[in-house]
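Go ahead and model the full structure; you've got the sequences and the hints to work with.
Protein sequence lines, in the order shown, are assigned to chains A and B.
The numbering used here numbers the first residue of the first sequence as 333 and each following residue consecutively.
The numbering used here numbers the first residue of the second sequence as 333 and each following residue consecutively.
Simulated from the structure, these hints should not be mistaken for laboratory data.
Treat the hints with care, since some could be wrong.
Any copy will do: because identical chains look the same in the list, a pair fits if it lies in one copy or spans two.
Calculated cross-link-like contacts (lysine to any residue; reagent style SDA-like; alpha-carbon spacing at most 25 angstroms) [claimed, not checked]: (1) Lys483 to Gly400; (2) Lys483 to Gln408; (3) Lys483 to Gln385; (4) Lys353 to Asn499; (5) Lys483 to Leu458; (6) Lys483 to Glu418; (7) Lys334 to Asp449; (8) Lys334 to Asp395.
Protein chains: 2
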Amino acid sequence: MKAVVLLSGGLDSSTVLFQAKANGAECYAISFDYQQRHRQELDAAVVIAQSAQVQQHQIVAFDLRLWGGSALTDTQMDLPTRSISEMANHIPTTYVPARNTIFLSFALAYAEAIAADQVYIGVNQLDYSGYPDCRPDFIQAMQEVFRLGTKQGREGQSIEICTPLINLHKSDIINLGNRLGVPWEQTWSCYSDGGGTPPKACGQCDSCKLRLAAFAELGLEDPIAYIIT
Amino acid sequence: MKAVVLLSGGLDSSTVLFQAKANGAECYAISFDYQQRHRQELDAAVVIAQSAQVQQHQIVAFDLRLWGGSALTDTQMDLPTRSISEMANHIPTTYVPARNTIFLSFALAYAEAIAADQVYIGVNQLDYSGYPDCRPDFIQAMQEVFRLGTKQGREGQSIEICTPLINLHKSDIINLGNRLGVPWEQTWSCYSDGGGTPPKACGQCDSCKLRLAAFAELGLEDPIAYIIT
Numbered sequence: 333m334k335a336v337v338l339l340s341g342g343l344d345s346s347t348v349l350f351q352a353k354a355n356g357a358e359c360y361a362i363s364f365d366y367q368q369r370h371r372q373e374l375d376a377a378v379v380i381a382q383s384a385q386v387q388q389h390q391i392v393a394f395d396l397r398l399w400g401g402s403a404l405t406d407t408q409m410d411l412p413t414r415s416i417s418e419m420a421n422h423i424p425t426t427y428v429p430a431r432n433t434i435f436l437s438f439a440l441a442y443a444e445a446i447a448a449d450q451v452y453i454g455v456n457q458l459d460y461s462g463y464p465d466c467r468p469d470f471i472q473a474m475q476e477v478f479r480l481g482t483k484q485g486r487e488g489q490s491i492e493i494c495t496p497l498i499n500l501h502k503s504d505i506i507n508l509g510n511r512l513g514v515p516w517e518q519t520w521s522c523y524s525d526g527g528g529t530p531p532k533a534c535g536q537c538d539s540c541k542l543r544l545a546a547f548a549e550l551g552l553e554d555p556i557a558y559i560i561t
Numbered sequence: 333m334k335a336v337v338l339l340s341g342g343l344d345s346s347t348v349l350f351q352a353k354a355n356g357a358e359c360y361a362i363s364f365d366y367q368q369r370h371r372q373e374l375d376a377a378v379v380i381a382q383s384a385q386v387q388q389h390q391i392v393a394f395d396l397r398l399w400g401g402s403a404l405t406d407t408q409m410d411l412p413t414r415s416i417s418e419m420a421n422h423i424p425t426t427y428v429p430a431r432n433t434i435f436l437s438f439a440l441a442y443a444e445a446i447a448a449d450q451v452y453i454g455v456n457q458l459d460y461s462g463y464p465d466c467r468p469d470f471i472q473a474m475q476e477v478f479r480l481g482t483k484q485g486r487e488g489q490s491i492e493i494c495t496p497l498i499n500l501h502k503s504d505i506i507n508l509g510n511r512l513g514v515p516w517e518q519t520w521s522c523y524s525d526g527g528g529t530p531p532k533a534c535g536q537c538d539s540c541k542l543r544l545a546a547f548a549e550l551g552l553e554d555p556i557a558y559i560i561t
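In structure tokens, the structure reads:
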């Protein structure tokens, strides 16, 4: 079994990579340099891919600042620092138009080029229900695109989209990652670039807050460094 | 009405751009520098976009040579020079895995960022039935992704995919383009890079053959320069 794994370098996608490996897949990681402000996640992705001993790690570069529209690519916009209750069902300014569609399209191209069987993605609907492109019906629609948009799919060998985290809360993901031995200290979730050496996560953005709350809920300590916790 | 138009610089997409304009849409063109060997088409796209007086023309750059798999990105592979009868229902080596999926994904991102209503694409199933990602069922699947994968779509304002050429033969497209005033001399269809100044189309690749045959069928002269016709 050969799998392409979307790897951002964060907690979710790192867990997915270790899950794919535990499932016996030969793993090919793919990451995206889209000029996100939290470029630190790309360094994390490289380290995590090495830790998981992937067969290959592709980093695809393009510039999503071209048309803007997101606090993740526009440094003139403030990052949201909401409370967790405010996050539910509200699409935040960190939403990047069509990002998962673009990411899955490249993963599909890579998967077809290497004749992979699966594409893994770490979407989860419970904690980020605000994002339209993290929901199960969107994944189903992309599955149809995978089937009809490729030579391999037309020949009855459609590449399967695997979403092992789709119904998990962040704390469930941490429990799963702990069982799989995910090296949390190598991951990067913060939306800011973590200036300084070594970089520190801000502790204030939505992503930091969800991560910290989940570790706290489990009575565990998050091993990465924060400016404020 | 605001429309994003996928513009390769070839005969089909140029016709689509002029059709979108004739339909009254305010046009935003998008082209892709994916390290295709026929980079001449990008220069053509720039000129055509100017001729059509688009509001904006975005060129998105990324490297599809990363994983190869196509004669359009791998200069070590020969370009196919088949007869037209050999082309029917055979996926050629110029097939680029998931190319239209990637192109439509970026068009969707651009469209959502500028709050466009439509995305135009020049797919046609009749002459290129070999390509899986040019067929109507694939476009329908992408339409579902457009609806479910965006904030705008979730709010009931789904961006519509328009395929005005889907049921046209190449000669029909030329007739349509003539009515719309498409400047054929500015277009580039050839799969080779057309070395020399000014560049000349090879006249031998699948794309040149289809184009030349269609002009000939109509008793018209193709105004671009060929090395061999």
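Structure-based check of each hint:
In this assembly of identical chains, the alpha carbons of Lys483 and Gly400 lie at most 25 angstroms apart only when taken from different copies (15 angstroms versus 33 angstroms within one copy). Within a single copy, Lys483 and Gln408 get their C-alpha atoms only as close as 43 angstroms, which misses the 25 angstroms cut-off; across copies the closest is 22 angstroms, which meets it. For the homomeric pair Lys483 and Gln385, neither the shortest alpha-carbon distance inside one copy (29 angstroms) nor that between copies (37 angstroms) is at most 25 angstroms. In this assembly of identical chains, Lys353 and Asn499 lie within 25 angstroms of each other by CA distance solely inside one copy; the values are 20 angstroms within and 45 angstroms between copies.
Taking the shortest Cα distances, Lys483 and Leu458 sit within 25 angstroms of each other only across copies (17 angstroms), while inside one copy they are farther apart (34 angstroms). Within a single copy, Lys483 and Glu418 get their C-alpha atoms only as close as 44 angstroms, which misses the 25 angstroms cut-off; across copies the closest is 18 angstroms, which meets it. With identical chains, the CA atoms of Lys334 and Asp449 are at most 25 angstroms apart within one copy only, with a shortest distance of 5 angstroms there and 39 angstroms across copies. Taking the shortest alpha-carbon separations for Lys334 and Asp395, only the inter-copy value of 23 angstroms comes in at or below 25 angstroms, while the best intra-copy value is 29 angstroms.
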